[in-house]
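Enquirer: Modelling step: build the complete structure from the supplied sequences, incorporating the hints.
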Amino acid sequence: MPDLDIALLRSFITVSRSGSMRAAALRIGRTQSAVSLQIKRLEALVGAELFHRTGSGVALTVAGERFFPGAERVLAAHDETLGLIRQDDLRGSIVFGCPEDYLTAFFPDLLRRYGAAHSGIEIEIISAPTVELRPLLQRRRIDLALLSLPGTADPSDVIRYEPLVWIASTDAPALLQEPILPLALAAPDSLDHIEARRAMDASYRPYRVAHASNGLSGLLAIARSGLAVSVATRAAVPSDLSIIDKGLPPLPKIGISLAYASTRLSPAIRSFGRFVALNLK
Numbered sequence: 343m344p345d346l347d348i349a350l351l352r353s354f355i356t357v358s359r360s361g362s363m364r365a366a367a368l369r370i371g372r373t374q375s376a377v378s379l380q381i382k383r384l385e386a387l388v389g390a391e392l393f394h395r396t397g398s399g400v401a402l403t404v405a406g407e408r409f410f411p412g413a414e415r416v417l418a419a420h421d422e423t424l425g426l427i428r429q430d431d432l433r434g435s436i437v438f439g440c441p442e443d444y445l446t447a448f449f450p451d452l453l454r455r456y457g458a459a460h461s462g463i464e465i466e467i468i469s470a471p472t473v474e475l476r477p478l479l480q481r482r483r484i485d486l487a488l489l490s491l492p493g494t495a496d497p498s499d500v501i502r503y504e505p506l507v508w509i510a511s512t513d514a515p516a517l518l519q520e521p522i523l524p525l526a527l528a529a530p531d532s533l534d535h536i537e538a539r540r541a542m543d544a545s546y547r548p549y550r551v552a553h554a555s556n557g558l559s560g561l562l563a564i565a566r567s568g569l570a571v572s573v574a575t576r577a578a579v580p581s582d583l584s585i586i587d588k589g590l591p592p593l594p595k596i597g598i599s600l601a602y603a604s605t606r607l608s609p610a611i612r613s614f615g616r617f618v619a620l621n622l623k
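Residues 343 to 623 (the numbering used here) are what the sequence shown spells out, left to right.
Treat the hints as calculated values from the structure; they're not laboratory data.
Hints may contain errors.
Stated by the list, open to error - Ranges of calculated distance between the beta carbons of each label pair, as one might list FRET restraints:
{"no.": "1", "residue 1": "L387", "residue 2": "L518", "range": "44 to 54 angstroms"}
{"no.": "2", "residue 1": "L569", "residue 2": "R433", "range": "47 to 57 angstroms"}
{"no.": "3", "residue 1": "S604", "residue 2": "D496", "range": "12 to 22 angstroms"}
{"no.": "4", "residue 1": "P530", "residue 2": "G389", "range": "49 to 59 angstroms"}
{"no.": "5", "residue 1": "L452", "residue 2": "I536", "range": "19 to 29 angstroms"}
{"no.": "6", "residue 1": "D543", "residue 2": "V416", "range": "38 to 48 angstroms"}
{"no.": "7", "residue 1": "R455", "residue 2": "A349", "range": "16 to 26 angstroms"}
For glycine and all other residues, C-beta sits at the position ideal for the given N, C-alpha and C.
Expert: Structure (structure tokens):
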């Protein structure tokens with residue numbers, strides 16, 4: 343059985359997440375032809391075609407889908423193990439911006455693992471919606487941030503897609519029988535607010551925005567109370583709330599993007615950004 347080259351796995355994961363050889367090449371810092379050659383070498387090693395071309399880039403084949411989880415685990419273990427040895431090499435501070443739902447869903451484990459590997463790096467976290475994080479990036483008040491993008495955004499800008507879902511205290515709340523459905527939504531300029539209203543308007547379902555909250559915790563509290571139906575990303579739905587699968591129009595997926603305040607990255611920022619991009623699940 344052949345040994346897998348970590349560099350090839352890194353390129354494979356980056357191409358998989360970006361959906362484009364060109365975008366992956368920019369992230370890795372290689373030419374597009376070099377990344378393409380790496381993928382061909384990996385396919386020769388595993389004996390299967392891992393990608394097929396699409397109109398907008400590339401997508402995983404069935405074999406690629408099967409290969410991806412194992413490759414991701416191997417690469418994450420490699421980086422974490424190497425980081426434990428080299429943790430004294432990286433020192434500094436990072437200001438990281440992240441919407442509350444992503445922070446709650448993904449980062450307890452990611453921060454624990456990264457902190458164990460890089461104890462010399464101090465991470466300050468700013469929890470805020472995407473619309474508030476963008477100007478902070480522009481003013482360089484934060485170093486990097488996770489941002490929400492419409493599902494129609496350029497796939498090369500997206501590191502993960504996450505579906506929006508309707509949530510309530512039960513999966514079939516009595517609220518669905520009301521002639522005008524009460525909703526609890528985030529700020530009007532937030533993506534989940536826009537997509538929720540767009541879906542309701544397209545379905546001609548009468549509704550009213552009965553409650554508003556700038557934070558996820560407030561929306562979850564309203565959903566728990568039974569006073570309104572709310573919206574969240576699927577990964578952020580706590581176990582005591584239910585996803586409504588019937589009786590309401592479907593909601594789209596949104597993209598999650600990692601953005602930097604500057605193209606000149608310190609080793610600490612580059613290290614953390616790479617870790618987030620490769621391990622966000």
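Enquirer: Determine for every hint whether it applies to the structure shown.
Expert: Status of the hints after comparison with the structure:
no.: 1; hint: L387 with L518: 44 to 54 angstroms; verdict: holds, 52 angstroms
no.: 2; hint: L569 with R433: 47 to 57 angstroms; verdict: holds, 49 angstroms
no.: 3; hint: S604 with D496: 12 to 22 angstroms; verdict: holds, 21 angstroms
no.: 4; hint: P530 with G389: 49 to 59 angstroms; verdict: holds, 53 angstroms
no.: 5; hint: L452 with I536: 19 to 29 angstroms; verdict: holds, 28 angstroms
no.: 6; hint: D543 with V416: 38 to 48 angstroms; verdict: holds, 46 angstroms
no.: 7; hint: R455 with A349: 16 to 26 angstroms; verdict: holds, 22 angstroms
Hint compliance for this structure: every hint is met.
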